[in-house]
Structure formats: C-alpha cells, structure tokens
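Q: Let chain A serve as the given structure and place chain B on it in line with the hints.
What follows is each chain in one-letter form.
There are 2 protein chains.
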Amino acid sequence: MVAAHSIPNMFFILRKFCSEEQRRNLLLFIVNLLQVVPIDSRKIEAALTNSKFKDFEDCLQDECAAEINADFIITRNIDDFANSKIKPILPGDFLKTPL
Amino acid sequence: MVAAHSIPNMFFILRKFCSEEQRRNLLLFIVNLLQVVPIDSRKIEAALTNSKFKDFEDCLQDECAAEINADFIITRNIDDFANSKIKPILPGDFLKTPL
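Line by line, the protein sequences give chains A and B.
In this text, residue positions in the first sequence follow the working numbering: the first is 1, and each later residue adds one.
In this text, residue positions in the second sequence follow the working numbering: the first is 1, and each later residue adds one.
By construction, these hints were calculated from the structure, which means they are not laboratory data.
Since this is a predicted model, take the numbers as computed values, not measurements.
Incorrect hints may appear among the rest.
Copies of the same chain look alike in the list, so a pair counts if it fits in one copy or across any two.
Pairs of lysine-lysine, DSBU-like flavour, derived with a Cα cap of 30 Å [stated by the list, open to error]:
no., residue 1, residue 2
1, Lys-52, Lys-87
2, Lys-54, Lys-85
3, Lys-16, Lys-52
4, Lys-96, Lys-54
5, Lys-87, Lys-54
6, Lys-96, Lys-85
7, Lys-52, Lys-85
8, Lys-16, Lys-54
Excised from the complex, chain A in its bound form (with noise of 0.2 Å):
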C-alpha cells in the first residue's frame, strides 16, 4: 500500500529527476499497482495527538499502515518508526523477506 499523502510528496521530491509528464506516468503505474490508503482527519488527529514520533508525517504512514493491517512499514529510517504500531523494515531487509 502506499499512503495518500505519499503522492503529492513524491510528485515534488521526483521533480529533480524526472519531467512533469514522467513523475504523472510514473505516479500514475504506482497509484494503479498499490492500494491507496486515504488520508482523512481521524489519522491527522491520531498523528497529531502523538508526540511518540519524532517526524509527523511518519505517524500518518503508520495511521494508514495499521488500518490496512500492513506487515511492514518499508522505510530506510527504522529509528524514526521505533514507536510504530507496524513493524518497520529496510527495503533490502524487505525483499529477502520470504512472501
């Protein structure tokens, strides 16, 4: 899954990389591969309300991850998810993992 908030952040962040049409086509695949996982104002209140994250929008990732019962948070900043509700993983850790 990826969450909502997810798309707008990588739409700006790929501007570096890639033309407005390739991040819409690119984002576009992702959106169609993934489940989407809405962003609405209980996650943002639970987000807000928990001081045990350091970075805000990690604890929205982690609102949409526990909704949907996710396995893994896939993240390269593990340290940042130590007060999760869903596990985090590093990306390379993720794909040894057995499915």
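A: Just chain B now, with coordinates in the frame of chain A:
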C-alpha cells in the same frame, strides 16, 4: 474546509515559525474548526490525469473543493486556478464577501 494533504504541508512549512508543540496545537485547532476533506485514490488519479493545472497539489485542492461544492478556493495564486472547477478568490476579497 481544508484538504487533508494541506495539514502535513502546513506542519512542514510552519517549522520555520513555530515549535513542534505550537504546530501540533495550531493544526489541531484548524482540524477541529474546519471540515477536513480526505485525499483518496480517486482524487489522486483525477489530479494525475488533469494537465490543465500547472501544479498537481493545486488540482488536488480543486478536487477536494468540488467534492463538497465549496463556494470558493481561497488562495493567493489566482492564476494557478484558472482552470479549476471551483472559483478561486484572494483572501482579502473573501473577507469582504457578504456571508
């Protein structure tokens, strides 16, 4: 109303002006004051396939505003909403609008 993705954006932008606690309190106030319109896959796909907007996030704002039949989109960037479904209005002009 406020579009859901505006909350993490504001949390990021306000880091230059407010402490983390102030940002959490301010955004909780906004979330409780205004209707938060969720960001979901339908709106994201609509915005990714709409090239009438220069800015993808502006188009997401318009999708949120259209969903609730908003009267206006309050923005300082009127030109960026030239092709929006919902009419853009400057903050100062909005304040002069009769209720």
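Q: State for each hint whether it applies.
A: Going down the list of hints, with the structure as the test:
Taking identical chains as interchangeable, the C-alpha atoms of Lys-52 and Lys-87 lie at most 30 Å apart only when both belong to the same chain, with a minimum of 15 Å there against 40 Å between chains. For a Cα distance limit of 30 Å, the shortest separation of Lys-54 from Lys-85 inside one copy, 15 Å, qualifies, whereas the shortest one across copies, 37 Å, does not. Taking the shortest Cα distances, Lys-16 and Lys-52 sit within 30 Å of each other only across copies (21 Å), while inside one copy they are farther apart (32 Å). Proximity of Lys-96 to Lys-54 under the C-alpha cut-off of 30 Å is restricted to the intra-copy arrangement: shortest distance 28 Å within a copy versus 40 Å between copies.
For a Cα distance limit of 30 Å, the shortest separation of Lys-87 from Lys-54 inside one copy, 16 Å, qualifies, whereas the shortest one across copies, 38 Å, does not. Taking the shortest alpha-carbon separations for Lys-96 and Lys-85, only the intra-copy value of 22 Å comes in at or below 30 Å, while the best inter-copy value is 47 Å. Within a single copy, Lys-52 and Lys-85 get their C-alpha atoms as close as 11 Å, which meets the 30 Å cut-off; across copies the closest is 40 Å, which misses it. Taking the closest pair of Cα atoms, Lys-16 and Lys-54 come within 30 Å of each other both inside a single copy (26 Å) and across two copies (16 Å).
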